[in-house]
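Residues per chain, in single letters:
There are 2 protein chains.
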Amino acid sequence: MRGAVIHAPGDIRFETLDDAKILKRTDAVIRTAVTCVCGSDLWPYRGAEPTEQAHPMGHEYVGFVEEVGSEVTSVRPGQFVVGSFATSDNTCANCRNGFQSNCLNREFMSTCQAEYVRIPNAEGTLVATDDIPDEALWPGLLAVSDVMGTGWWAAEAAEVRPGSTAVVVGDGAVGLCAVIAAKEMGAERIIAMSRHASRQKLALEFGATDIVTERGDEGIARIKEMTGGIGADSVLECVGTAQAMRQALHSARPGGSVGFVGVPHEVAVDGQELFFSHVGLRGGPAPVRRYLPDLIDRVLTRRIEPGKVFDLTLPLEQVAEGYQAMDERRAIKTLLKP
Amino acid sequence: MRGAVIHAPGDIRFETLDDAKILKRTDAVIRTAVTCVCGSDLWPYRGAEPTEQAHPMGHEYVGFVEEVGSEVTSVRPGQFVVGSFATSDNTCANCRNGFQSNCLNREFMSTCQAEYVRIPNAEGTLVATDDIPDEALWPGLLAVSDVMGTGWWAAEAAEVRPGSTAVVVGDGAVGLCAVIAAKEMGAERIIAMSRHASRQKLALEFGATDIVTERGDEGIARIKEMTGGIGADSVLECVGTAQAMRQALHSARPGGSVGFVGVPHEVAVDGQELFFSHVGLRGGPAPVRRYLPDLIDRVLTRRIEPGKVFDLTLPLEQVAEGYQAMDERRAIKTLLKP
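First to last, the sequence lines map onto chains A and B.
In terms of my numbering, the first sequence is residues 143 to 480.
In terms of my numbering, the second sequence is residues 143 to 480.
Just to be clear, a hint being listed does not mean it is correct.
Which copy? The list can't say, so a pair holds if one copy fits it or any two copies do.
As a list, the in silico DMTMM-like pairs of lysine to aspartate or glutamate whose alpha-carbon atoms are at most 25 Å apart [unchecked claim]: (1) Lys366 with Glu249; (2) Lys163 with Glu447; (3) Lys163 with Glu213; (4) Lys366 with Asp231; (5) Lys163 with Glu330; (6) Lys450 with Glu157.
What the hints contain is simulated information worked out from the structure, not anything from laboratory work.
Chain A on its own, in the form it takes in the complex (with noise of 0.2 Å):
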């Protein structure tokens, strides 16, 4: 089979690879229907992150079930699967408390823009559509695997609840699909700061009310005066930054709450700040199995259209370009088909 690896910074080769196959009764292999190029693949790829020695990419995927371990139960050969980039058992305690995405059994997935997969944690991780969907619905559903759920999961813990105001920083494909979160949670008022017009306009689409284009003390300064000078009840930190942690905790007011979801490169947050600010800071990769079900039914029943993050579709073979493009900002999201 062939797949995505790279080998150094801004290096991503198309490859000849083994062939996945069921290494633990409790795997799964699927043949991939469409995968995808996330923001944080671009940590490694623009040197970030270090890359000691080469190794695959990818850990978002829909597909359809080629295999089962013989522990294996829940899905079987045929069916189409949607999963979460951190694997569960959905059984441990950390699972039953809903956070599958600290399961005490937990894989990062980590060599989806390949041909096919294997999925540790079938049996807990994936889950089966009732029909072999649509295949213009798939976008919607890959963007379930990971940047919805992890959407999702930035709403929720930044408490959104309706009626309330909530501030998006970040208006990369987390940052997005979180607009979508905050509207589906009942939002009345969404601000989305963004200063890119393509990202704008899907934000605007996805139920934003407002767009920021100011950042820093600006940004902070044009979010407090558009909320009577107290500033937001939710934030939804979506990059991961030093500089947009400190945009979102100054955009809340006292006693709202911030979510973070995008991995913090280089954030400490200072304990008395944080006190007398009383604001409220939950984060962490997003429980995405426990969210599965629902949002594969929004996205099944077209209530949500998440699938729209992707403004450019490429051939698996051509991932390469789909990181560049990224990369440079040409494209939000960049989905492969295999």
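Assemble chain B onto chain A, guided by the hints.
Same frame as chain A, now just chain B:
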């Protein structure tokens, strides 16, 4: 009138001061019924916070209204009142959101270890009892003005739920009141971290089900061991040091919550560590005003007895000895009677 003044670390004097009087139409002046020394008063007493010039001390009080400004209509002379260490107008956006301790007109109380006290924002700060309470209940009501309210906030911020497991870090008066709060909110298991026999005893009396004497990594390991390897649902951090915050963050389960109510001193939280823990973090000065009606009722009906945290009672004029006894850990908390 007379009251306590700090001149330098370790140097508290009982002196003649200018009489408390109405300075604004929104003020009241109360005659102190009882007041006390707070754990946070020990920061300047120990030199951990600078004392640049001599100033009065104290922020906890219950008393009798002596006089009110022309705009104060909710309380009248002769009434017994309980307030908060943070004054509030109780009408601004932050107050309406339930964060009266972040009131746009907030003033922190700082002159309460005295015979009379000026209360700014009296209308939105003071709550009068229906009758003059039995003197035996004054210590409990005094506790409500700060430590009991702060313990309650710790439990709320740590999202204590019926049936949950709560850990209380810190066995000072706030930590002990946090045990009461966790119990009242229905926590099934309450683990108090303490290595002082008298405080352990009071924690058990207040509802703690377990005592852990270990600290640091051993303390964390012990909590994990007691909670199926996962950690606690809620951790109530009632100290404010970097060590206590570390203990708290590592004692919470994935997806659990830490409420931190000790003013943080040199505490920084690593973004990536918080991220992968899935732990929620919220703190700040307690919104005591919001809790006053409920907590006053619980004290007056003798449902809770937070006044038991006072294990030393002195005449107000011996305030210096009150500080020293707490500094040397001979007392948990000193009650002062004018």
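How the hints compare with the structure:
no., hint, result
1, Lys366 with Glu249, "between (41 Å within a copy, 22 Å between copies)"
2, Lys163 with Glu447, "neither (33 Å within a copy, 64 Å between copies)"
3, Lys163 with Glu213, "within (15 Å within a copy, 78 Å between copies)"
4, Lys366 with Asp231, "between (43 Å within a copy, 21 Å between copies)"
5, Lys163 with Glu330, "neither (48 Å within a copy, 46 Å between copies)"
6, Lys450 with Glu157, "neither (29 Å within a copy, 72 Å between copies)"
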